[in-house]
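**Student:** Given next are the chains, with one letter for each unit.
Protein chains: 2
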Amino acid sequence: MTVAYDGTDFFGFQRQPWQRTVQGTLEETLSRITGENVTVTGAGRTDAGVHARGQVIHWETNSPIPLERWPVILDRALPRDLTVLDTEEVPLDFHARKDACWKQYCYTLDTHKIPDVFTRRFRTHLPVLLDIDRMKEAGSHLVGTHDFTSFSSAKSPVTDRVRTLYGCRITEPEDGVVAITVTGNGFLYNMVRIIAGTLVQVGKGELSPAAIPEILEAKDRGRAGKTLPPEGLVMVKVCYTPWKEETSEAGS
Amino acid sequence: MTVAYDGTDFFGFQRQPWQRTVQGTLEETLSRITGENVTVTGAGRTDAGVHARGQVIHWETNSPIPLERWPVILDRALPRDLTVLDTEEVPLDFHARKDACWKQYCYTLDTHKIPDVFTRRFRTHLPVLLDIDRMKEAGSHLVGTHDFTSFSSAKSPVTDRVRTLYGCRITEPEDGVVAITVTGNGFLYNMVRIIAGTLVQVGKGELSPAAIPEILEAKDRGRAGKTLPPEGLVMVKVCYTPWKEETSEAGS
Numbered sequence: 003m004t005v006a007y008d009g010t011d012f013f014g015f016q017r018q019p020w021q022r023t024v025q026g027t028l029e030e031t032l033s034r035i036t037g038e039n040v041t042v043t044g045a046g047r048t049d050a051g052v053h054a055r056g057q058v059i060h061w062e063t064n065s066p067i068p069l070e071r072w073p074v075i076l077d078r079a080l081p082r083d084l085t086v087l088d089t090e091e092v093p094l095d096f097h098a099r100k101d102a103c104w105k106q107y108c109y110t111l112d113t114h115k116i117p118d119v120f121t122r123r124f125r126t127h128l129p130v131l132l133d134i135d136r137m138k139e140a141g142s143h144l145v146g147t148h149d150f151t152s153f154s155s156a157k158s159p160v161t162d163r164v165r166t167l168y169g170c171r172i173t174e175p176e177d178g179v180v181a182i183t184v185t186g187n188g189f190l191y192n193m194v195r196i197i198a199g200t201l202v203q204v205g206k207g208e209l210s211p212a213a214i215p216e217i218l219e220a221k222d223r224g225r226a227g228k229t230l231p232p233e234g235l236v237m238v239k240v241c242y243t244p245w246k247e248e249t250s251e252a253g254s
Numbered sequence: 003m004t005v006a007y008d009g010t011d012f013f014g015f016q017r018q019p020w021q022r023t024v025q026g027t028l029e030e031t032l033s034r035i036t037g038e039n040v041t042v043t044g045a046g047r048t049d050a051g052v053h054a055r056g057q058v059i060h061w062e063t064n065s066p067i068p069l070e071r072w073p074v075i076l077d078r079a080l081p082r083d084l085t086v087l088d089t090e091e092v093p094l095d096f097h098a099r100k101d102a103c104w105k106q107y108c109y110t111l112d113t114h115k116i117p118d119v120f121t122r123r124f125r126t127h128l129p130v131l132l133d134i135d136r137m138k139e140a141g142s143h144l145v146g147t148h149d150f151t152s153f154s155s156a157k158s159p160v161t162d163r164v165r166t167l168y169g170c171r172i173t174e175p176e177d178g179v180v181a182i183t184v185t186g187n188g189f190l191y192n193m194v195r196i197i198a199g200t201l202v203q204v205g206k207g208e209l210s211p212a213a214i215p216e217i218l219e220a221k222d223r224g225r226a227g228k229t230l231p232p233e234g235l236v237m238v239k240v241c242y243t244p245w246k247e248e249t250s251e252a253g254s
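These protein sequences, in sequence, are chains A and B. Going by the working numbering, the first sequence opens with residue 3, and the numbers climb by one from there. Going by the working numbering, the second sequence opens with residue 3, and the numbers climb by one from there.
Quick caveat, the hints were computed from the structure, so don't treat them as lab data. Incorrect hints may appear among the rest.
Identical copies carry no separate label here, and so any pair may be met within one copy or between two of them.
Taking lysine to any residue pairs in the SDA-like style, the calculated list, with each CA pair at most 25 Å apart, reads [claimed, not checked]: (1) LYS221 / THR121; (2) LYS157 / ARG82; (3) LYS138 / ASP177; (4) LYS100 / ASP88; (5) LYS138 / ASP95; (6) LYS221 / GLU176; (7) LYS239 / ARG122; (8) LYS157 / ARG78; (9) LYS239 / PRO211; (10) LYS239 / ARG123; (11) LYS239 / THR4.
Let the sequences and hints guide you as you build the complete structure.
**Tutor:** This is the structure:
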């Protein structure tokens, strides 16, 4: 299933006792509808406050409900900030996280003095002047296969921190709004939010684009920029076919 | 002051005891900052759940705070769903409601099977196929000076129900999203939501565009369409200079 949510009022994706989570809400609703004891596995465990347009989940059921009826049934059963956009039948050994070939995230900043109240839940308000060309140059240094230790939370227990970034695109979807879209084969804990924080430092002139290769080389979380807050981050899509260079969405 | 708000969690504009309202929140915040007993007057009393991009309010103060500092001071002091975009000094006899020459409202519908979770707070979900050309034709019959009794809540105590609509524009800002923008010298209670409900009936093919003049003529609330829910309605702007025909925003 392809799932979209406004993460503002969820305590993240992963089920936790006594907390409102995306996984918990989906499991309760699907269990209620099917009468089965449903467990849901997501492609990525988004943090508290992070949103999704195209999170992917898998679960098993013997329900006789036809595939195409699920989105509308769930639109009625789920809370207003969580929707199921699409349903597909997959082999029993399909795994939403392990089988993913690449993912795309987008981090959006509202740089106006006063933030737009209609998009405020999905953008981080940062009233500063950003040099987009400097940010693009810095972003291009992140594309490729690197050890991203400097761009991951020091708390992460993962040991292999080599990942491939297929694209890092900086755009201005509206005047004063800056979007950082990253596409890669995997992302470490807080990686997109630290990349965004580092690119913002570059855009403000506090860091040179040429410093990015050195920061990667240092493998030291202390060298990169701040971890920006969750509200600007959206999990855009998860793909299960290998990355192709010509795919236009990655850009650079 | 020009004020924008996400009306979802407000019990409308007008102050009411024990309810979270826009007027009440502004008055409390301005009174706290100035140490004065502030009363706020708005250009229009939007209903519970209705939003604003350009509501205008006036209030009196002897505060020494410079005009241009108010938006940022208030961005910190106000809740996240209410912002002040602009501040202007006006003559003591200025009245936000009585001096308004024209207003613009926009009603937005999301016609997808599953609504977009990111814009859901500001659009009414109506999964039907709408014929835009029919809606445009119907809308054109509403433009002009008419008695809008058929398009106002029967509960309204107002006796003079003649208003002038300068424009009624139907657009598709995105595939599957339909926006109805109306501009006029004044609006009766529920008028925009009843116009939207009637145009939806036309778009669904339940009503002919040619029926609009007859509905206006009948001066009977029972003849027009349903009052659509508040979430799709936004007060776009309020203007204090007379309407000019060439103003492009009205369209038709």
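**Student:** Compare the structure with each hint and give your call.
**Tutor:** Against the structure, the hints:
1. LYS221 / THR121: Cα proximity of LYS221 and THR121: none, with 35 Å in one copy and 40 Å across.
2. LYS157 / ARG82: neither (33 Å within a copy, 31 Å between copies)
3. LYS138 / ASP177: Result: close within a single copy only, 17 Å intra versus 30 Å inter.
4. LYS100 / ASP88: Classified as within; 20 Å inside a copy, 50 Å across copies.
5. LYS138 / ASP95: Answer is neither: 40 Å inside a copy and 52 Å across each miss the 25 Å cutoff.
6. LYS221 / GLU176: neither (35 Å within a copy, 44 Å between copies)
7. LYS239 / ARG122: Close inside one copy (21 Å) and across copies (20 Å); limit 25 Å.
8. LYS157 / ARG78: neither (39 Å within a copy, 32 Å between copies)
9. LYS239 / PRO211: Neither: 28 Å inside a chain and 42 Å across chains, both beyond 25 Å.
10. LYS239 / ARG123: both (19 Å within a copy, 23 Å between copies)
11. LYS239 / THR4: within (9 Å within a copy, 38 Å between copies)
Against the hints set out earlier in the document, violations occur for numbers 1, 2, 5, 6, 8, 9.
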